[in-house]
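Protein sequences appear in the order of chains A and B. Taking this note's numbering, the leading residue of the first sequence gets 1, the next gets one more, and so forth. Taking this note's numbering, the leading residue of the second sequence gets 1, the next gets one more, and so forth.
Worth double-checking, as some hints may not be accurate.
[Claimed, not checked] What the simulated footprint calls covered on chain B by chain A, stretch by stretch (three residues with Cβ under 8 Å from a Cβ of chain A suffice, anywhere in the stretch; the number is not a length):
| # | segment |
| --- | --- |
| 1 | 79-88 |
| 2 | 149-161 |
[What the hints assert, rightly or not] Selected chain A positions facing chain B (Cβ under 8 Å, derived; list incomplete):
| # | residue |
| --- | --- |
| 3 | Gly59 |
| 4 | Thr70 |
| 5 | Phe71 |
| 6 | Leu89 |
| 7 | Phe104 |
| 8 | Pro105 |
| 9 | Gly109 |
| 10 | Ile114 |
[Unchecked claim] Below 27 Å or equal to it, Euclidean Cα-Cα: the simulated BS3-like pairs (lysine-lysine) are:
| # | chain 1 | residue 1 | chain 2 | residue 2 |
| --- | --- | --- | --- | --- |
| 11 | B | Lys2 | A | Lys113 |
| 12 | B | Lys140 | A | Lys62 |
| 13 | B | Lys279 | A | Lys113 |
| 14 | A | Lys132 | B | Lys309 |
| 15 | A | Lys118 | B | Lys140 |
| 16 | A | Lys15 | B | Lys279 |
| 17 | A | Lys223 | A | Lys176 |
| 18 | A | Lys118 | A | Lys182 |
| 19 | A | Lys223 | A | Lys182 |
| 20 | B | Lys2 | A | Lys132 |
| 21 | A | Lys78 | B | Lys2 |
| 22 | A | Lys132 | A | Lys62 |
| 23 | A | Lys118 | A | Lys176 |
| 24 | B | Lys140 | A | Lys15 |
| 25 | A | Lys223 | A | Lys27 |
| 26 | A | Lys78 | B | Lys237 |
| 27 | B | Lys279 | B | Lys2 |
Just so you know, these hints were derived from the structure itself, not from any lab. Everything numeric in this text was worked out from a predicted model, so none of it was measured. In this text, a Cβ means the ideal position worked out from N, Cα and C, and glycines have one as well.
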Amino acid sequence: MKNFLLEIEKLNLIKDSISILENISIKPLSNSLVALIGPNGSGKTSLLRSIAQIETYSGIVKMAGTATSTFSQAQFSKIISWTPSSFQLPFSYSVLDIVLMGRFPTHNGRPQKIDIDKSLEALEQMDILDFKDRHVTTLSSGELQKTMIAQALASDAQVILMDEPCANLDIAASMKLLKSLKSTVLQNRAVLFSIHDINLAQRFADSMICLSKGRVVAQGLPKDLLSQELVLEVFGTNSDWLQNKLGEDQFVFY
Amino acid sequence: MKAYLTCLAGLLISIIVALSFGSSGISLLEVSQHLLLNMNGGAIASQTELSSIIMFEIRLPRILVAGITGASLAAAGVVSQGLFRNTLASPSILGTTSGGSLVAASMFFYGSAFDHWYTLPIGAFLGAATATYILFLISKRFFGLQIQSLLLAGFALNALLGACTSFVISLMLEDQQKAASVMHWMLGGFAARGMEHFYMVLPTFLIGIFLATNITHKLDILALGEEKAQTLNVNMKVLWHISIVCIALLVGGSVAVAGAIPFVGLVVPHMTRLVFGPKHRNLLWLSAINGASLILLMDLLARTLMAPKEIEVGVLISLFGAPFFIWLLLSYKEGVRN
Chain A
1 MKNFLLEIEK LNLIKDSISI LENISIKPLS NSLVALIGPN GSGKTSLLRS
51 IAQIETYSGI VKMAGTATST FSQAQFSKII SWTPSSFQLP FSYSVLDIVL
101 MGRFPTHNGR PQKIDIDKSL EALEQMDILD FKDRHVTTLS SGELQKTMIA
151 QALASDAQVI LMDEPCANLD IAASMKLLKS LKSTVLQNRA VLFSIHDINL
201 AQRFADSMIC LSKGRVVAQG LPKDLLSQEL VLEVFGTNSD WLQNKLGEDQ
251 FVFY
Chain B
1 MKAYLTCLAG LLISIIVALS FGSSGISLLE VSQHLLLNMN GGAIASQTEL
51 SSIIMFEIRL PRILVAGITG ASLAAAGVVS QGLFRNTLAS PSILGTTSGG
101 SLVAASMFFY GSAFDHWYTL PIGAFLGAAT ATYILFLISK RFFGLQIQSL
151 LLAGFALNAL LGACTSFVIS LMLEDQQKAA SVMHWMLGGF AARGMEHFYM
201 VLPTFLIGIF LATNITHKLD ILALGEEKAQ TLNVNMKVLW HISIVCIALL
251 VGGSVAVAGA IPFVGLVVPH MTRLVFGPKH RNLLWLSAIN GASLILLMDL
301 LARTLMAPKE IEVGVLISLF GAPFFIWLLL SYKEGVRN
């Protein structure tokens with residue numbers, strides 16, 4: 001039997017009298033890698049922010065069967081991790097310090113050996129263990145992005161939300177990241193991430209959710225979800241499935 | 001540990017030098033002898049009694065007041081910069097110091113400043129807290145704590161509070177004694193400060209630094225951004241309130257005993273962070289130690305540069321602090337990553 005980690009029922013978000021998200025319901029997500037796709041302004045970031053309780057929404061978000069509104073801040077912070085798409089770090093902490101901060105709900109400012117070990121493990125997973133003592137202000141945007149992702153991976157959260165984790169990464173690093181996330185979900189975790197590169201998404205994600213104008217227009221397996229009609233309707237672009245030299249299906253736009 | 005030993009050694013040297021120099025010269029050897037004799041309870045030869053009185057009854061209380069004031073201002077700077085996530089945020093730039101000064105000047109005007117030893121610190125604390133809250137609410141409500149808006153709002157608030165303070169002082173001009181004492185106090189200095197002033201600022205320092213120590217790890221998390229901190233179990237409302245009370249206590253106490261001394265809360269945390277790193281727990285205590293050392297050395301210069309005349313410490317620090325602020329402003333862009 002699958003252990004459902006995240007469910008959303010009839011979530012609405014209104015900001016300044018404008019409806020941002022409308023009646024969002026998603027089928028329960030188990031330990032899987034789920035890509036959130038949709039054009040700019042479709043509500044991907046707002047949905048992630050709502051699940052992370054940064055936005056005040058109406059509706060129900062459940063984690064492991066319990067409505068998150070009933071959790072205390074301390075409980076909630078232990079089971080969910082949210083990584084925004086951009087960061088502004090005012091002070092020059094070391095990379096390891098930043099990753100350790102991801103475990104703050106557990107260590108509360110007094111990191112133990114297990115916190116350091118898990119942080120180092122996450123840094124290794126992101127291929128930046130050599131940078132652990134470097135100051136974050138000396139990192140490139142891609143390296144900083146990897147640091148923030150390592151921060152999420154180091155946490156004990158069962159649900160990991162990432163807003164455009166591939167935004168500053170080159171294609172090789174993006175593929176490596178998604179492979180890492182894929183291995184992460186094996187540890188009974190659900191990862192929900194927004195992404196613009198549909199091809200990468202369909203290649204690695206276990207399932208996809210497509211948003212358009214604040215509504216869910218499709219949810220399912222990449223192969224089932226991505227159709228010429230959907231892409232034309234949502235993105236206004238022609239597309240097709242093609243096979244590459246390895247015989248793998250790839251989605252192309254034209 | 002090494003960082004603490006280095007800073008404490010700097011403070012010890014500052015104390016010894018500050019004890020040694022003044023309009024009446026006492027050699028370093030004499031200072032060491034007096035300190036050792038005092039520690040061992042030994043008798044002091046009659047010929048050195050005068051220098052002993054100068055050291056322990058005149059200079060030492062002044063050193064204690066100056067040191068604790070510097071520590072308070074630097075600690076307040078650490079909390080301000082952590083709360084506003086910006087190295088340019090300091091009590092004198094955010095209007096905190098001006099708020100404390102306005103209330104303190106008003107208390108001089110109404111003659112209530114010295115009703116009791118705690119009236120001035122409490123008044124200055126309330127003024128500092130109100131000014132910081134106002135700035136924080138304006139910046140957060142309208143500009144999302146962006147640095148440009150924060151500085152502009154701080155500039156406007158400083159100008160407004162400064163104008164109000166000038167108005168209050170202008171009302172006192174006819175009473176020359178009152179006017180002279182308030183002007184003297186406004187410029188910021190430690191002339192004629194004694195143990196009573198030390199006891200006046202001690203409680204605000206102790207409570208302020210105790211509260212600050214307890215929020216340092218949360219200020220570290222806040223560096224990741226307010227929303228991210230919230231998802232990492234930092235209760236932002238509680239953190240804002242504690243931080244503002246903390247800043248106001250530390251600034252209010254120092255304003256009450258030493259007037260408006262600018263830039264310490266800007267320069268000391270910034271330099272300490274550059275050398276010893278940004279973690280707030282260490283930064284708070286190391287900055288407090290370095291703030292004390294800086295003020296002691298500045299006060300020494302203030303006492304000796306034009307001896308027997310004294311320059312007000314606030315004026316002297318402005319001469320160093322203002323160019324530093326401009327340099328910081330110019331290099332600000334390099335310190336921020338998007």
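Here is how each hint holds up against the structure:
1. Check on the segment 79-88 of chain B: 3 of its residues sit with their Cβ under 8 Å from a Cβ of chain A, so the three-residue criterion for coverage holds.
2. For the segment 149-161 of chain B, the assignment as covered by chain A is violated, since 0 residues bring a beta-carbon within under 8 Å of that chain's beta-carbons and 3 are needed.
3. At about 19 Å, the closest approach between the beta carbon of glycine 59/A and any beta carbon in chain B exceeds 8 Å, and the interface hint on this residue is violated.
4. Restraint check, threonine 70/A versus chain B: the minimum CB separation of about 16 Å is more than 8 Å; hint violated.
5. For phenylalanine 71/A, the interface hint is violated, since its Cβ never comes within 8 Å of a Cβ in chain B; the closest pair sits about 11 Å apart.
6. Because the smallest distance between the Cβ of leucine 89/A and any Cβ of chain B comes to about 6 Å, under 8 Å, the interface hint for this residue holds.
7. A distance limit of 8 Å between C-beta atoms decides the matter here; for phenylalanine 104/A the minimum to chain B is near 5 Å, and the interface restraint holds.
8. The interface hint given for proline 105/A is met, as the beta carbon of that residue sits about 4 Å from the closest beta carbon of chain B, less than 8 Å.
9. Hint on glycine 109/A holds. Least Cβ distance to chain B is approximately 3 Å, under the 8 Å limit.
10. At about 17 Å, the closest approach between the beta carbon of isoleucine 114/A and any beta carbon in chain B exceeds 8 Å, and the interface hint on this residue is violated.
11. In summary, the hint linking lysine 2/B to lysine 113/A is supported, as the alpha carbons are separated by about 23 Å, within the 27 Å threshold.
12. Note on lysine 140/B and lysine 62/A: the hinted pairing is violated, with a Cα-Cα distance of about 31 Å set against a maximum of 27 Å.
13. For a cut-off of 27 Å, the pair hint linking lysine 279/B to lysine 113/A stands: about 19 Å separates their Cα positions.
14. About 54 Å separates the Cα atoms of lysine 132/A and lysine 309/B, which puts this hinted pair outside 27 Å; it is violated.
15. Note on lysine 118/A and lysine 140/B: the hinted pairing is violated, with a Cα-Cα distance of about 36 Å set against a maximum of 27 Å.
16. Proposed proximity of lysine 15/A and lysine 279/B is contradicted: the alpha carbons are some 36 Å apart, above 27 Å.
17. Restraint check for lysine 223/A and lysine 176/A: the C-alpha separation of about 21 Å stays at or below 27 Å, so the hint holds.
18. For the suggested pair lysine 118/A and lysine 182/A, the alpha carbons sit about 18 Å apart, so the restraint of at most 27 Å is met.
19. The hinted pair formed by lysine 223/A and lysine 182/A meets the criterion: a straight-line CA distance of about 17 Å does not exceed 27 Å.
20. Simply put, lysine 2/B and lysine 132/A have alpha-carbon atoms about 22 Å apart, close enough for the 27 Å limit, and the pair holds.
21. Straight-line distance between C-alpha atoms of lysine 78/A and lysine 2/B comes to about 35 Å, which puts the hinted pair past the 27 Å bound.
22. Simply put, lysine 132/A and lysine 62/A have alpha-carbon atoms about 35 Å apart, too far for the 27 Å limit, and the pair is violated.
23. With a C-alpha separation of about 19 Å, the suggested pairing of lysine 118/A with lysine 176/A holds against the 27 Å cut-off.
24. Restraint check: the Cα-Cα separation between lysine 140/B and lysine 15/A comes to about 17 Å, which is no more than 27 Å; the hinted pair holds.
25. Distance check on the hinted pair: lysine 223/A and lysine 27/A sit about 17 Å apart at the alpha-carbon level, within 27 Å; holds.
26. For the hint linking lysine 78/A to lysine 237/B, the alpha-carbon distance of about 20 Å falls within 27 Å, and the restraint holds.
27. At roughly 15 Å between alpha-carbon atoms, lysine 279/B and lysine 2/B fall within 27 Å of each other, so this suggested pair holds.
Of the numbered hints given earlier, the model fails hints 2, 3, 4, 5, 10, 12, 14, 15, 16, 21 and 22; all others are met.
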